[in-house]
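Read top to bottom, the protein sequences are chains A and B.
Mapped onto this note's numbering, the consecutive letters of the first sequence carry residue numbers 1 to 296.
Mapped onto this note's numbering, the consecutive letters of the second sequence carry residue numbers 1 to 297.
Treat each hint with caution, since some may be false.
As the list claims (entries may be wrong) - Okay, derived cross-link-like pairs now, PhoX-like style, lysine-lysine, Cα gap no bigger than 20 Å in a straight line:
1. K168/A to K106/A
2. K193/B to K6/A
3. K100/B to K13/A
Hints were generated in silico from the structure; no laboratory data involved.
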Amino acid sequence: MGLAGKSNELVFKIGLFVICSLIFLVIAYPLYFIVIASVSDSTLVSTGKVLLFPKGVSLFGYKEIFKDERIWQGYGNTILYTALGTFVNLLFTIPAAYALARQEFKARRVIMLAFVLTMFFNGGLIPTFLLMRDLHLTDSMWVFILPFSVNVYNLIIARTFFENSLPKELYEAAAIDGCSHLRYFASVALPLSRAMLSVIGLYYLVAHWNDFFTALIYIRSNHLQPLQVVLRDILLSNQVFANGIGLGGDLGGYAQRYADQIKYGVIIVSTLPILVVYPFIQKYFEKGVMIGSIKG
Amino acid sequence: MGSFKRDYQLWIMVFPAILVVFVFNYVPMYGIQLAFRDYDFSKGITGGEWRGLHYFEQFINSFSFADLMQNTVAISLATIVLSFPVPIVLALILNQLMGKRIKRTLQTTVYLPHFISTVVLVGMLNVLLSPSTGVIGQLMKWAGMGDINLLASTNAFVPVYVLSDIWQHCGWNSIIYLAALSTIDPQLYDAAKIDGASRWQTIRHIEFPALVPTIIILFILSMGHVLGTGFEKVFLMQNTLNLPVSEVISTYVYKIGIVSNQFSYSAAIGLFNTVINFIFLYAMNLISRRTSSISLW
Numbered sequence: 001m002g003l004a005g006k007s008n009e010l011v012f013k014i015g016l017f018v019i020c021s022l023i024f025l026v027i028a029y030p031l032y033f034i035v036i037a038s039v040s041d042s043t044l045v046s047t048g049k050v051l052l053f054p055k056g057v058s059l060f061g062y063k064e065i066f067k068d069e070r071i072w073q074g075y076g077n078t079i080l081y082t083a084l085g086t087f088v089n090l091l092f093t094i095p096a097a098y099a100l101a102r103q104e105f106k107a108r109r110v111i112m113l114a115f116v117l118t119m120f121f122n123g124g125l126i127p128t129f130l131l132m133r134d135l136h137l138t139d140s141m142w143v144f145i146l147p148f149s150v151n152v153y154n155l156i157i158a159r160t161f162f163e164n165s166l167p168k169e170l171y172e173a174a175a176i177d178g179c180s181h182l183r184y185f186a187s188v189a190l191p192l193s194r195a196m197l198s199v200i201g202l203y204y205l206v207a208h209w210n211d212f213f214t215a216l217i218y219i220r221s222n223h224l225q226p227l228q229v230v231l232r233d234i235l236l237s238n239q240v241f242a243n244g245i246g247l248g249g250d251l252g253g254y255a256q257r258y259a260d261q262i263k264y265g266v267i268i269v270s271t272l273p274i275l276v277v278y279p280f281i282q283k284y285f286e287k288g289v290m291i292g293s294i295k296g
Numbered sequence: 001m002g003s004f005k006r007d008y009q010l011w012i013m014v015f016p017a018i019l020v021v022f023v024f025n026y027v028p029m030y031g032i033q034l035a036f037r038d039y040d041f042s043k044g045i046t047g048g049e050w051r052g053l054h055y056f057e058q059f060i061n062s063f064s065f066a067d068l069m070q071n072t073v074a075i076s077l078a079t080i081v082l083s084f085p086v087p088i089v090l091a092l093i094l095n096q097l098m099g100k101r102i103k104r105t106l107q108t109t110v111y112l113p114h115f116i117s118t119v120v121l122v123g124m125l126n127v128l129l130s131p132s133t134g135v136i137g138q139l140m141k142w143a144g145m146g147d148i149n150l151l152a153s154t155n156a157f158v159p160v161y162v163l164s165d166i167w168q169h170c171g172w173n174s175i176i177y178l179a180a181l182s183t184i185d186p187q188l189y190d191a192a193k194i195d196g197a198s199r200w201q202t203i204r205h206i207e208f209p210a211l212v213p214t215i216i217i218l219f220i221l222s223m224g225h226v227l228g229t230g231f232e233k234v235f236l237m238q239n240t241l242n243l244p245v246s247e248v249i250s251t252y253v254y255k256i257g258i259v260s261n262q263f264s265y266s267a268a269i270g271l272f273n274t275v276i277n278f279i280f281l282y283a284m285n286l287i288s289r290r291t292s293s294i295s296l297w
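With these hints in hand, go ahead and build the complete structure from the sequences.
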């Protein structure tokens, strides 16, 4: 490489550094801003004086959030739906993926085709809604758990993993010793699949946690509403204060002033659990997506 | 049957999945006939009178038809055209990073917004863009751009929708391209180095061509969603002021069907949407197979 090549390389490196820094700032700054805004005086925030560091630090927003029963009820509901839902998802998806990965299972091609077709065709909103109503799933917590508990995309990832990442000799050896499929699945295949299980578990978990659509369509009772619906009321419909103060009267100014701080805090409180789990599983993502893309 | 006896444990394992997919994905397809019938509240899905294409004609002749089609296509085309290239470029950039820790930190950061819920994302847009109390509104005032309410303006709806979409998903969508880049044969890099290729030439002649098959497949798939703008985000971003540009087919189906209980009419609009999507997917696949021999089926 000549001198020109070396200086080109340097230009390339500097350009790369600048671009990467810009990408980092554009993605990270809005998130950072929400964090500092949630602990800063809301008047300073709204006049654009809080840009790099928190100012007029107050935990008022968080105190209000901790007092708000709607948020706790929504939180509790969402934790229940997410935990139970993810459990059912994995219980239905992973054994099926194992069975569909076995070459000797004759029906696997037909079953797989029937599953993949649902990725392109569906009955649509209204027929699905009428079905849920007939099954008495509307306005019930089970609508978050049972319907669509097998995501075909996740099933394909799991199946491809079982096909390619478990050595064939392993099952043959176990089968000679009289080990059944169920036993082999539980005591050999599962323990070897932790990476895949955590990626698929995370996909399901995040989908449940963030699910707003199901509640919007099927849930009417307040006590069943998940966190995302409560968030919609607070963040978008501006029902910041639970007891209905908010606009008008002596409390109007108070409400105006603190509403935004509460909103920033609510964003953090509702998103934190996901953001805490995610970095631990991130290293498996690339593998997970790659497995899925081979036979997607 | 011998094979059933041998495989009965496999059948037990796959049975729950078959059951839920059958009940929740296939049974509703039976209800599609509702688009061609009246819905009879006492007799259920199949009890009403056969109306043929009546509800489709009603939709195509309705005064909201042109607006709905235009809004839906505008939002999805803008999303496809503007957000599609970003993850490709991002993956090529991330792939240039040699330092493992820097690469890892940047990846963790760019993947992160993908995990934020749509409600929270739209909530963030609302607090940040509010003209009275939002920071971006304030900054725009300082910059002398006037008092524009980005949330209520009909001109700003699509840009805000698309840009926030890019912000949220470009990192996550780059993973699949990064995975494709990691399969490039290291010998190709060595050969390029021996030939004195610059980094830029390596990107152009080795890395980008390696991405082309993935790009084509994902592009065909995204064209299958031309009329399939995500319901949630559009619905949550809607307000009375931006409604002329933000009412799309999926939100209309929801309002007609779930809110006003016009089941047959709403089912017909939904089916119309699905059919058009499928035609787009089929056409794109055909074009791609003729021109590049890469196709979905």
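These are the hints, each one checked on the structure:
1. For the suggested pair K168/A and K106/A, the alpha carbons sit about 17 Å apart, so the restraint of at most 20 Å is met.
2. Pair hint K193/B plus K6/A holds up; C-alpha atoms about 13 Å apart against a cutoff of 20 Å.
3. Using a Cα cut-off of 20 Å, the hinted pair K100/B and K13/A holds, with the two alpha carbons roughly 15 Å apart.
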